[in-house]
Amino acid sequence: MDMRKYYFIYLLALQLFANFPFLYAQQTLTLEACREMALKENKKIRMAQNERQTAALTKRTAMTHYLPKINFGGGYMRTGSDIKLLENDLFLPAVPYNTIDPQTGRFNPEALKDPATAMNTLVLNPQTGAPVTDASGNPVFKNYAMLPADKLVLERKNLYYAGFSVMQPLFTGFKITEANRIARRAENISGKNVLLVKAETIVKTDEAFWRVVSLQEKVKLAHSYEKLLDQLVTDLLNMHGEGIITRNDLLKAQVKQNESKLKTLEAENGLALSKMALAQIIGLQDTGIEVAPGTMEEAPLRTDSLMLPDISPENRAEISMLKEKVGIMESNKNIERAKFMPDIALAGSYGWMNPNPYDGLKEEFGGDWSVGVVVKIPVFTWGERKYELNAAKLKKQKAQLELDEAREMIDLQIRRSRYQYAEALKKAEMAKLSKQQAAENMRVTKDNLREGISRLSELLEAQTQWESASSTYIDALVEVKTTRLELEKSTGQIYRYVP
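If you count the sequence shown from 1, you need to add 254 to reach the working numbering.
One or more hints might be untrue.
Derived Cβ-Cβ restraints for the label pairs, each shown as a range [stated by the list, open to error]:
(1) Gly621 to Met301: 49 to 59 Å
(2) Val629 to Leu406: 44 to 54 Å
(3) Tyr398 to Gly334: 27 to 37 Å
(4) Asn379 to Leu344: 42 to 52 Å
(5) Lys647 to Arg750: 36 to 46 Å
Treat the hints as calculated values from the structure; they're not laboratory data. Bear in mind that the values here come from a model prediction, so they are computed numbers and not experimental data. Ideal Cβ positions, reconstructed from N, Cα and C, are used throughout, including at glycine.
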């Protein structure tokens, strides 16, 4: 008995867990909740955020161009032949010690003007007593030291090199400065693009949300209309049984009843499809969502601050992005102009070579440093720089024209949105009045039918008018929401909803 009890509890728990996803799926959502979920799930927002991060890294990369670049390099080379330092044997004159300057340790040619020194050092003409010269006009010495060429041969065929090099830009015609400005403006553009994509996501979410609200209200209206006709058909059946009305009148009401059921089915199908669209936007896998009750409140039938004429197109993210684009084109123009200027850089290095040239070409590494200035001056490029500069100027003019045109189009969009919003407010006001009048007309016609003053066709027409007026009023309220949303988008006020 105890085992059966535990088994029953176990099955009951499994059943509850199996139904849990269905219970979870029935979510009641507000407009703010839908916006928040859509902003988290939208892939375009993630892509825009990745672009912003990329632009930030590009800006950091541009900053490094101000800093010195340090590189390390090395190489190995094997030669096929020996390295001969001398083409022929080299003869070095032997000079006496008194021709060496004791202070500098260098050879002093003036000492050879001394007759005694010249007689002991140089070959003299026996007839004239003047020093004998060679074909080049150099005096001929009595004694020479020979350096044989075949002894000064490097048989080392393996050559090695390694070293560090440093390059620090000193002047580049402000190309680095302009490149950093471009990177900074590109980051600003990517940031504004994130804002723009989020705003577009909010607009798309709001439109889908209000579509669900509209169809949800129309489903309620369809059920109410169907309930009215069901009650009417029930009353007419009783009246027909008593012989008060004809069968023809009853059939007319039943036809209207069937039409109402079809409208209810169409409204429910439309609601299901609209929920699917909203669920896809906010990242849900099912359509078990419900709009919070009381969402379709009456629209404020008055104007507000959005209708004021002092709202400028400058609030739009598109204008900010185009301004940054104009700045980028200006920097590009400055970079092309800088190509006419010289580039100056400070260069330094420290390297090692083997064989060691600093110690008798021993088979070991010897190192040394060097410092210098590198100057690159453009001289003649067949007009390439001039053409590129003119092209950059034209691109900047194009960007400025795009900015001016965008201002004009946005200003026109704001005015059109204001007219549409004002018209929607007026429609909602008139639709509300029509709904009230249709409801009153339906009540009076129903009372008159009971008293025998009105005909059944008049009541059916009055009910149809009430259903149509109620549907029009729902559409008018939703139109107020959507046109206001469009006005907020055109004026840039939509950004206040962006986190």
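Given a hint of 42 to 52 Å, does the C-beta separation of Asn379 and Leu344 actually sit inside it? 26 Å, violated
Are Lys647 and Arg750 spaced within 36 to 46 Å by their CB atoms? 39 Å, holds
Are Val629 and Leu406 spaced within 44 to 54 Å by their CB atoms? 38 Å, violated
Looking only at beta-carbon atoms, does the pair Gly621, Met301 fall within the given range of 49 to 59 Å? 51 Å, holds
Could you check the hint for me, namely that Tyr398 and Gly334 are 27 to 37 Å apart, CB to CB? 34 Å, holds
Hint check: violations occur at hints 2, 4; the rest are consistent with the structure.
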